[in-house]
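There are 2 protein chains.
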Amino acid sequence: MQKKEHPDASLQEVDGVMESAWSCFSTFRKLPGKDRGMFLRSIATHLTTRKDNLVLIADSETSLGPERLHTELKRAISELELFADLAESEKWKEHKKEESKPDRQPIPKPGMLKSNVPLGPVVVIGACNFPFAISVVGTDTASALAVGCPVIVKAHPDHARTCQSLAVLVEHALEETRMPPNAFQLVHGSDHSVTRALVDHRRTACAAFTGSFQGGKALHKLASQRKIPIPFHAEMGSLNPVIILPHALKHSGIELARGYIAAVNLFAGQMCTKPGMLIVMEGEGVNQFRDEIKTAVNDIEPSNMLNRTVFENFQSCNRTLESTYSLIASNRSDSQEDTNQAPCQVFETKGNNFLNERKLHAEVFGPSSILVRCKDEDELLAVTSAMEGSLTGTIHALPGDRELAQKMIPVMESLVGRILWGGFPPGVIPSIATHHGGPWPAATDSRHTSIGLFAYRRFVRPVCRQGLPS
Amino acid sequence: MQKKEHPDASLQEVDGVMESAWSCFSTFRKLPGKDRGMFLRSIATHLTTRKDNLVLIADSETSLGPERLHTELKRAISELELFADLAESEKWKEHKKEESKPDRQPIPKPGMLKSNVPLGPVVVIGACNFPFAISVVGTDTASALAVGCPVIVKAHPDHARTCQSLAVLVEHALEETRMPPNAFQLVHGSDHSVTRALVDHRRTACAAFTGSFQGGKALHKLASQRKIPIPFHAEMGSLNPVIILPHALKHSGIELARGYIAAVNLFAGQMCTKPGMLIVMEGEGVNQFRDEIKTAVNDIEPSNMLNRTVFENFQSCNRTLESTYSLIASNRSDSQEDTNQAPCQVFETKGNNFLNERKLHAEVFGPSSILVRCKDEDELLAVTSAMEGSLTGTIHALPGDRELAQKMIPVMESLVGRILWGGFPPGVIPSIATHHGGPWPAATDSRHTSIGLFAYRRFVRPVCRQGLPS
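Chains as they are written, first to last, in this note's numbering: chain R, 15 to 484; chain V, 15 to 484.
Some hints could be false.
Stated by the list, open to error - With a Cα cut of at most 25 Å, we get these calculated PhoX-like pairs of lysine-lysine:
#1 V/421 / R/111
#2 V/231 / R/107
#3 R/44 / R/115
Said to hold, decoys possible - One side only, chain V facing chain R, incomplete, derived with CB under 10 Å:
#4 109
#5 112
#6 133
The set of hints was computed from the structure by calculation and includes no laboratory data.
Predicted model, so just to flag it, every value in this text is computed and none were measured.
The beta-carbon is built from N, C-alpha and C at its ideal position, and this holds for glycine as well.
Construct all of the structure, not just a fragment, from the sequences and the given hints.
Here you go:
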């Protein structure tokens with residue numbers, strides 16, 4: 015058996031990592047914000063300098079292609095800069111001050127200053143589909159480091175070399191900016207036991223995860239059953255429904271069909287916000303729209319999935335769907351047999367089938383999607399209301415759809431973290447108004463985001479200082 | 015067997031309550047903030063008008079006495095007003111806006127508006143020791159209603175009549191301000207199964223609890239193991255350590271001893287922030303200080319506990335402590351035998367005993383406290399570091415203690431939600447800088463407060479609206 019390039023950490027090693035992260039916490043948190051900002055900027059500089067090499071390594075492990083990987087790396091760099099600004103401004107402390115009132119009745123009121131403090135060592139478990147932006151140096155890591163939490167990243171086994179290369183750059187930055195060396199550490203582990211040991215360790219104060227529903231759910235359970243439970247934030251992906259209302263469908267059917275299929279097929283459908291369900295109402299133009307979907311699927315090039323395992327999982331999910339629903343469009347061809355090229359596939363069902371059949375509710379990781387045809391407005395509302403939580407929900411409407419749209423918006427709002435009016439997900443832009451999260455099963459805690467500035471709120475807690483001298 | 019005045023709700027009744035709360039959610043959340051503000055003000059007015067009667071009922075059920083109850087009712091009224099302001103201002107929505115950038119590369123940036131939406135029906139499980147401010151109309155209820163969450167209160171069986179009287183007033187306010195009638199509902203239940211059914215119900219979006227560690231922990235587990243887990247916020251009380259540094263002890267020993275004992279004995283020690291542990295360092299003045307503690311205990315009047323069960327639990331905890339540690343002060347007398355009067359008791363131990371003995375770490379609900387004598391600075395730091403999470407931590411220091419205080423503050427900060435510099439807990443004043451929470455076991459989620467303006471953050475989640483027309 016070949017020796018692994020990055021063997022799994024032993025339980026003893028995990029323990030050593032967590033204890034050393036804990037030991038440096040008191041120093042790391044006390045550093046001036048501008049020092050931690052410099053550290054994050056130094057990481058960004060290293061990523062910029064080494065970008066071609068990093069993309070080469072990541073491409074060899076993920077098949078995502080240089081263009082997408084360069085874009086993703088740029089996003090990771092801009093996120094590091096966003097959180098460097100935050101660290102420097104110290105705005106994350108969210109100071110709230112109240113002056114003392116010595117004459118207050120029935121008792122005097124002391125002066126109070128409330129501000130946020132970091133929780134402690136944060137374990138980050140990144141995703142297979144974003145080797146840069148949701149991995150070693152993504153939002154989870156950058157936001158935790160910005161507020162003074164040491165970070166321990168569990169390397170993704172599917173891109174362990176990319177993780178290792180990124181970690182080396184972070185370690186350079188640690189050294190150059192004279193940070194405590196254990197403020198950032200990488201742990202390898204292809205076995206779940208490594209991840210579980212990290213989440214379960216007594217020094218772990220919080221964990222952030224992006225990945226599958228099964229994995230997120232199991233770790234959420236573990237985190238809540240520890241002797242001292244910790245917050246566990248999982249972003250687990252979702253169906254991301256798209257609803258096209260009758261007037262929009264009638265007038266823009268062709269472009270909507272093409273836009274939808276492009277979104278489904280983007281990066282082989284391996285996006286957490288890939289639209290997995292398209293909901294329409296029977297009526298004028300629906301059959302032509304269906305034909306357009308077929309044409310769009312036939313016209314699109316299949317692309318490679320991340321690796322063989324992901325591809326095989328996708329095939330297996332498709333077989334489940336095929337056994338129950340009608341496949342109406344596919345660009346599958348025999349020449350794909352020995353590749354990891356994922357066929358883009360659209361299944362069809364009726365609204366009442368969706369309401370009765372639980373299988374339909376599950377996310378498929380890959381370029382599959384389901385067209386749900388509802389017989390009337392009531393069924394459209396019923397189908398939408400019956401959906402589980404999602405990261406995004408999209409509504410296409412024209413002025414003629416106004417009345418129905420006004421009924422749909424609150425229903426959609428109750429189910430998702432981001433509503434798109436027109437357009438298609440993905441397209442997450444990290445900033446202050448970003449929310450990347452949503453009701454279960456999209457995320458374990460819908461009140462928090464894993465992308466965007468406010469991602470730091472997962473890693474801080476307020477402390478009120480009463481009567482304390484400055 | 016006597017028929018109960020307020021029999022337990024059946025599971026069917028719980029189901030009906032939760033379904034009706036859910037049904038009114040879509041209407042209640044859409045009301046203008048000023049309407050929900052009026053509703054909260056109307057409750058406040060009813061409480062003010064009926065204050066004497068409410069205090070009479072609550073006193074008959076809790077033995078807290080009219081003075082304390084009038085003060086507590088005033089606090090509940092001012093909290094309702096605080097959250098009426100919040101509802102009217104709609105500041106809880108925390109709007110974050112980003113303009114669109116059609117020229118952005120690689121893709122255009124759509125306009126985004128993020129704002130908070132209410133989670134859904136909130137179950138409130140109040141405390142035995144605050145029949146007004148942490149009960150039917152406390153912060154949990156007021157903050158949830160302010161942001162548009164229907165509220166279902168589980169009545170505390172120890173003051174069920176008080177709960178019922180308060181609920182009747184809330185129902186008057188609902189009617190007068192034309193709220194959906196099911197936006198507030200009270201459920202009786204002395205059996206835990208009623209509480210569990212409420213927390214476990216599929217329509218429950220969040221639950222807030224104040225009470226014992228055992229109760230909070232069990233419900234936390236239940237909430238995290240539901241098919242769809244929900245956030246569960248428990249405030250479970252804590253040891254609330256007080257540290258007196260050498261110079262402060264030497265110069266202000268007498269008044270600190272008296273102040274400490276008064277805080278321990280306040281309302282028979284039945285406060286979540288009652289100081290349960292006093293930590294000092296051996297040295298000049300410590301023996302005199304110990305004598306002052308004895309004198310202070312002898313001089314103080316014992317007061318009645320809430321009821322016989324609470325009193326008996328307290329006695330049982332004291333027996334456990336007595337079997338291990340030295341009782342150095344007590345105002346117990348034979349005449350108390352048949353009453354619920356709680357003796358104020360102080361136990362003593364050495365720092366290294368505290369470090370070795372787990373029993374010491376548990377909160378006692380009642381006027382008991384432990385004096386921990388540490389042999390030197392290292393032991394003082396070790397004892398403090400070994401403590402579990404608390405709601406509050408207090409440090410008494412004089413300029414001569416500066417160096418040691420600077421070491422103690424970060425240690426204390428890592429353990430508590432509120433640091434007091436001088437003075438003694440309790441003394442929570444609800445406002446913007448309030449934080450009433452702390453690391454486990456003080457609270458299930460240290461990032462949230464159960465008192466003060468930001469209590470509403472437990473009950474909202476952000477939604478990002480992308481490209482949505484106004």
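Exercise. Under the criterion of a CB-CB separation shorter than 10 Å, is residue 112 of chain V in contact with chain R as hinted?
Worked result: Cβ of residue 112 of chain V sits 4 Å from chain R, so the hint holds.
Problem set entry | Pairwise hint evaluation, residue 107 of chain R against residue 231 of chain V, where the allowed Cα distance is 25 Å at most | violated, 29 Å
Problem set entry | Straight-line alpha-carbon gap residue 44 of chain R to residue 115 of chain R, limit 25 Å | Violated: residue 44 of chain R and residue 115 of chain R sit about 31 Å apart, past 25 Å.
Problem set entry | Hint check, residue 133 of chain V versus chain R [nearest Cβ-Cβ separation less than 10 Å] | holds, 8 Å
Exercise. Holds or violated: residue 421 of chain V with residue 111 of chain R, Cα cutoff 25 Å?
Worked result: holds, 24 Å
Problem set entry | Interface hint for residue 109 of chain V, Cβ within 10 Å of any Cβ on chain R | holds, 9 Å
Of the numbered hints given earlier, the model fails hints 2, 3; all others are met.
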